[in-house]
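2 protein chains.
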Amino acid sequence: MASFSCPAPYFVVRCSTAKEGSDSSHKQRYIKLNGVNIGSVSEADFLTQSARASRTLLASVAANGCVIEEDVRLKIPTKKQLVDPHRQGLIIEGGVGYRQTVVIRSYEVGPDKTATLESVMNLLQETALNHVWMSGLLSNGFGATHGMMKNNLIWVVSRMNVEVDHYPIWGEIVEIDTWVGASGKNGMRRDWLIRSQATGHVYARGTSTWVMMNQETRRLSKIPEEVRAEISPWFIEKQAIKEDVPEKISKLDDKAKYMNSHLKPKRSDLDMNHHVNNVKYLRWMLETIPDHVLESHQLSSIVLEYRRECGSSDIVQSLCEPEEDGILRDVDKIEDNEISLLNGFSLASEIFKAGGLLGSFDKGILRYTHLLQIEGEAKNEEIVRGRTTWKKKLTNIPFPTQ
Amino acid sequence: MASFSCPAPYFVVRCSTAKEGSDSSHKQRYIKLNGVNIGSVSEADFLTQSARASRTLLASVAANGCVIEEDVRLKIPTKKQLVDPHRQGLIIEGGVGYRQTVVIRSYEVGPDKTATLESVMNLLQETALNHVWMSGLLSNGFGATHGMMKNNLIWVVSRMNVEVDHYPIWGEIVEIDTWVGASGKNGMRRDWLIRSQATGHVYARGTSTWVMMNQETRRLSKIPEEVRAEISPWFIEKQAIKEDVPEKISKLDDKAKYMNSHLKPKRSDLDMNHHVNNVKYLRWMLETIPDHVLESHQLSSIVLEYRRECGSSDIVQSLCEPEEDGILRDVDKIEDNEISLLNGFSLASEIFKAGGLLGSFDKGILRYTHLLQIEGEAKNEEIVRGRTTWKKKLTNIPFPTQ
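Protein chains in written order, with this note's numbering: chain Z, 985 to 1386; chain Y, 985 to 1386.
Misleading hints may appear alongside valid ones.
Which copy is meant is left open, so a pair is good if it fits within one copy or across any two.
The calculated BS3-like cross-link candidates involving lysine-lysine, where the alpha carbons are at most 27 Å apart (straight line), are [claimed, not checked]:
(1) Lys1134 / Lys1226
(2) Lys1241 / Lys1363
(3) Lys1377 / Lys1222
(4) Lys1250 / Lys1376
If you are wondering where the hints come from, they were derived from the structure by calculation, not from laboratory data.
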C-alpha cells in the first residue's frame, strides 16, 4: 500500500541544528529553489517548536483528571481508508483521489452570504490534510509520510493558484475533490475542484506546487526512493488548471500605488506552526484593494508565490499595484501611437496584443499585483507575492456604513 | 409538528420604518430589556440590508450563465428531519434536541493544536442554526420560524455563558448537543454540551438567553401564541450550566487597567448581518489580556452580555480589568488588618469570605472583567460586557518569538 503526504498547504515546521541560546538563534536562513527564496526559519523558532511539540502531547494527556492519550482521541489511520464517515470523505479516482462533502457553515460566509475566499482556502487545506489522513501514512501533524519522517523531510509549498467562478452560499453542500501529481522531477502538484453537489457545476479550481526539504539542513531535497515509492502510486496526470508556463509575478517596490505598513501579527493570527497563517496573508493583501472595487467586484483568481515565512515578531508591509491603471495608461499611449516600456506597460501590451485588453476592460476585469514583505531597516524581505483578478459582480452589493 | 427558531446566537437583522435618506437614517435606537440596553440598529443600516437581501438573492441566481435558484442549492427542509447526513446531525432527546458530530479542522486550532475559543463559539452558532434547519420551520437565513416571520419577529441574544474544561485538538471528533428551554415567560434558553466522541468526556458547556423583537418597532415582544405553539414543544428543562442567579458584570470605565483604543472593524470582520462578528468581539476582548497570562493560562469560562450592535463605521475601545490584582491587593490589606472598599475590593472580599480567595489564587485562577464600547465624543456606548476566567495550563506553552 502506498501513500503520499502533504502538509497544510501553507507552512511547515522548519528545523535547524543550532543550540538554543546560541548567538545564531534568531538568525533567519533562506531556502532557495531554482535561485528563488521559497522559505526560511529562525533557529530559535524551531527549537521552541520542538520543545512545544512534546509539551503539547503532555498537555493533551489529562482532561478532568483522566488520562486521555492523543492517539485514543485522534485514531489516525495506520492503513488506507476508503471512506471516513466523520470527515464525509471517500477515496475516488480509482483509489488515489479524495472527495469530501462539505456544508458551508454560517461563519464561513461574508456579509453577502457567500463563502469568503479565506473559507475556500481553508477548505482546500483541510481536504488536502484529510486526503493524507485517509492514506494511512500520516505520521505527524503536518502531513509527512512515515518515509519522509525517517528521512527528516517535510513538504514546503512554493505556489498556489486558485480560480473561483462562483462562491458557494451559506448552507450549500459542495464536493471538494483533491489529488496529487508529479511536478518536475522532485516536486508534487496538488489540485482541487470544488463542485456544487446540487447541480454538479464546478465552482472553483486550485493547483499548488510542493517540494521536499530536509528538516536538519533546511535544504531542498530530491525525493528519496523510499518516499517516491510511497507517494508516486498516488500521482495522476489530471490537472485542475492548465498552466503550461506559469506566469511570473513581478516584484513590487515602494512606488506601488497602495501600501499598508506596520502590520503586526497577533496571537490569534498564528497557526499550528507558530507562523502567521495564510488567512492573515490574504487579509493583509486584500485590505489594500480600494473599497469601491470590493463593492463592485469579486475575486475570481489568486496566484500566490511563497518566499519566506512570517513569525509573530515580524512587522509587515502590504503593497499593491493595480494593473487597470497600466491598461488605461497604455490605452492612452497606444491611441497616441506612442510605445513605451514604462512600468506596467509590457504586460498590458501583451494583453492588448492578445486581443484581451479592451475585452477585459469592458467586462470590468481588474488585476492587481501584491507583495507582502517584512519591514526592515536595511532590506525588506519578501514573504509572498500575489496576483489577484477581479470580475464585476452580477449585482452591486454595497459595503454598508451605519 | 412543531419547531423553534434561533438565529446565529449573536446578531440579527434589526429593522425600522424610517425612509431611506431621511435625517434620521443614521440615528441609533436602543432596545431595552428590563431597563437594560440589549441592542440597537441604525435605520440606514436596516434599509441597506433590505435592499441587499433582494440583491443577494439575485446574485445567487446565475452561475456560469446557468440559472441556479437558492432553494435548489440549499434545499431547506420544510418538514422536520431526524437525520442529516451532510451536517452529520440527528435529532435526540426524544425528538427535541440536536446532536452534530464535528471533526476539529486544521484551521480551527491555535498554535498549541487545540481548538480556539473562537472556533468553539463558531461551532455553537453552527449547531444552533442546524438545529433550526432540522426542525423544518426555518424561514429565513437568521433562524426565525414561519410564525415569527408572519409576526415580524426576530430573535436577539442577550447573554452567553460558555465554560470550557478542555479544548479539543486538531482531528478530534466531538459531539455537540444543543437544545432549548423556556427562560422566564418570554425568553428562550439555548444550551450546548460538547463531548469527546472517543471517550464521552464533556469538554465544554454553554448556555444563552434569547428574546423576541418586532422587526418594525424594534420593541421586545411577548411570544405570540402562534409562535409559542411552534417552539414550546421543543422546550426541555435540562440545563447545561446551572445559573440560579446569573452574576452581573460590572461596567468598566476609563480607569480600567488595560485599554486598547481606536479599534476599527474591517470588511472581513462583518457577518451576514453586516455587523461586526462575534469572533472579532472575542479577539478585541482577549487582546487586552497580557501575553504572560495567555502563555500560562487557558480560558476556562466566558460570560457575555450584549448591549448594542457594532457596525462597520464604529470605532471601538476594549477595556479590561483584572480581578487578580484586586485579590493581591486585598491579601496585602487583610494581612495588614486593613479593610477598605477601594476599587476591586468588594468582590475579592466576597470571594475571600467564601473561602475561595486563596484557593483560587493557589490554583492560578484569574478573572477579568471586559467592556467593548463605541468610542464617542460625548458618551461611550456599550457593545458588550464580558467576564473571563482563566486556569493554569497543565504545561506552559510559550508564545513564540522569532
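Requested in this report: Could you work out which earlier hints the structure fails to respect and list their numbers in ascending sequence?
Outcome: 1, 3
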